[in-house]
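Model the full structure from these sequences, guided by the hints.
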Amino acid sequence: MIPVLEVRSLTGPAGAPGIFDVTMTCLRGRTTVVLGPIHSGKSTVMRHVVGLERAARGSVVVDGETFDATGETEDRLRRMRTRIGCVFPGAALISRLGAVENVELPLLEHTTASAAEARKAATHLMTEVGLHIDPEMLPGQLDRAVQRRVALARALALRPPILMLDEPTQGLDAHSAAELDRTLERLQAGQGFGTLIFSHDPRYAFGRADQIFVMAGGRIVESGTPESVRNSASEVVSRLLDRRGAA
Amino acid sequence: MTSIFVPSADDGEQSTGSTASFSAREGGRFLDRWELLVTASYWVAWLSFSRRTAMGTGIAREFDQLGMGALRLIVPASLLVGIITTFQVASQLSQFGAQALSVQAIGWFAARELGPLVVALLVVTRSASGIAGELASMRANGEIDALRAMGLNPVKYLVAPKLAALLIAVPGLTILADALIVLGGWLGSIAILDVSTRFYFDQFRSAFELRDLFIGLIKSLCFAYMIALIACDEGLSVEAHFQSIGTATSRAVVLTVLGVLAADTVINAMFYFIPVFA
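Heads up: the sequence lines are chains Y and F, in that order.
Numbering follows the numbering used here, with no gaps: position 202 of the first sequence is 202.
Numbering follows the numbering used here, with no gaps: position 209 of the second sequence is 456.
It should be emphasised that the hints constitute simulated quantities derived from the structure, not laboratory data.
We treat Cβ as the ideally placed atom computed from N, Cα and C, and that holds for glycine.
Wrong hints could be hidden among the right ones.
As the list claims (entries may be wrong) - Stretches of chain Y that chain F covers, calculated by requiring three or more beta carbons in the stretch to come under 8 Å of a beta carbon on chain F: (1) 46 to 60; (2) 81 to 90; (3) 105 to 114.
Right, here's the structure in full:
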């Protein structure tokens, strides 16, 4: 399988590191889950991967191109970011823009599409992720599950080879979480992007992961297939699984 | 284009011209003030030629909220300022038996000083906290990071539309306020000075110069810049949590009022001391 994302020896943020020597790989068409308790450094890894934080050491390889996590030019960062779709916790939609405007933003910024073409593509993307709402509705008028789908459509707007989701089902009821997960699975099967999910929930992780990395204290303490991680003797893994009752 | 994000001080490293942008620590300033000024101005110029939907909609919304929304406040306030000015000046000049000069005072001050300053301060009280609060809550909510993660420039999408809207709205409102202050002055004059309408407008015409209106509009453009950039800077530079929103809004109002008054002082001093401007 071809790796679409490689994180190599990532330590950061510079000055006050919270993650140490994180190395992981995400494969095309596969789902990788980074599992760990709250404040274990999962979100910090995601922020480093898209260049929101400057690392003290390490690099990120996106779709074969290596980016220095300790500092890159604005143009290279921009190019990297067009190849990574991100869904942040709570969706993080732009509250002043309507749902369809949120989705068309990356298209208007990074493609040569005209306003009409971008609107058409954004409307199509919204349908693809299962949204049947008034496209002009503001994020504040939408419920959490719908907001999350709008964020998913926005993240996939540029057809990135890798999609990262930070706590994708946080705050959703079980039904909405399962529906979102099914949509994600369908889209991944159709488009073939690799998925990197950061979650604290073992039930969610073991449900759909092809590969799991367990984080604690800013370090990767265990990795492997769901089966091997489940059987791991690691104290952190045991604690995580026992506490959630998923073992 | 150079980076708009600079490392925070505790990174221990400074961004150079060629490398950039991995910053925005959990808290504190992540945007340099001067770069905010330069990039916001650049994107305002860019917006003038852009036909992109989301951007156009953004400016229209900001104009509606920051400009048109202030009308209800500025119309009565300007009328009252005109009346108050007439009362104040007339009561001082009455000691010298020259109440009629208060009409000329309106002509001297309305367009050059009162209109721009009243509009700027009213827009500050109404909008500075709103702008700072909105951006601070977007920062706390992760919206700013989401924009950056998509390779979108927050200054372009969040600051430039506000600046563009204020650069249109504040001078427009200033012209309206000038007219209403003159109208308020007329109301005050016929009520307390017992002068005719013809006399009032004759006196006003003799005191008013088109140059005053021009200077007032230059001031209003500077004030629009101050309001937009200080309020946006306060909103964007807070720590990324909800408790910081209150701090951002109150700091924005205080600093914007001081900024507007300082800019007014500098411009007035320039016109007073430098002969070419006088």
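Comparing the hints with the structure gives:
1. 46 to 60: It holds, with 8 qualifying residues against the three required.
2. 81 to 90: Result for this restraint: holds, n = 7.
3. 105 to 114: holds (count 5)
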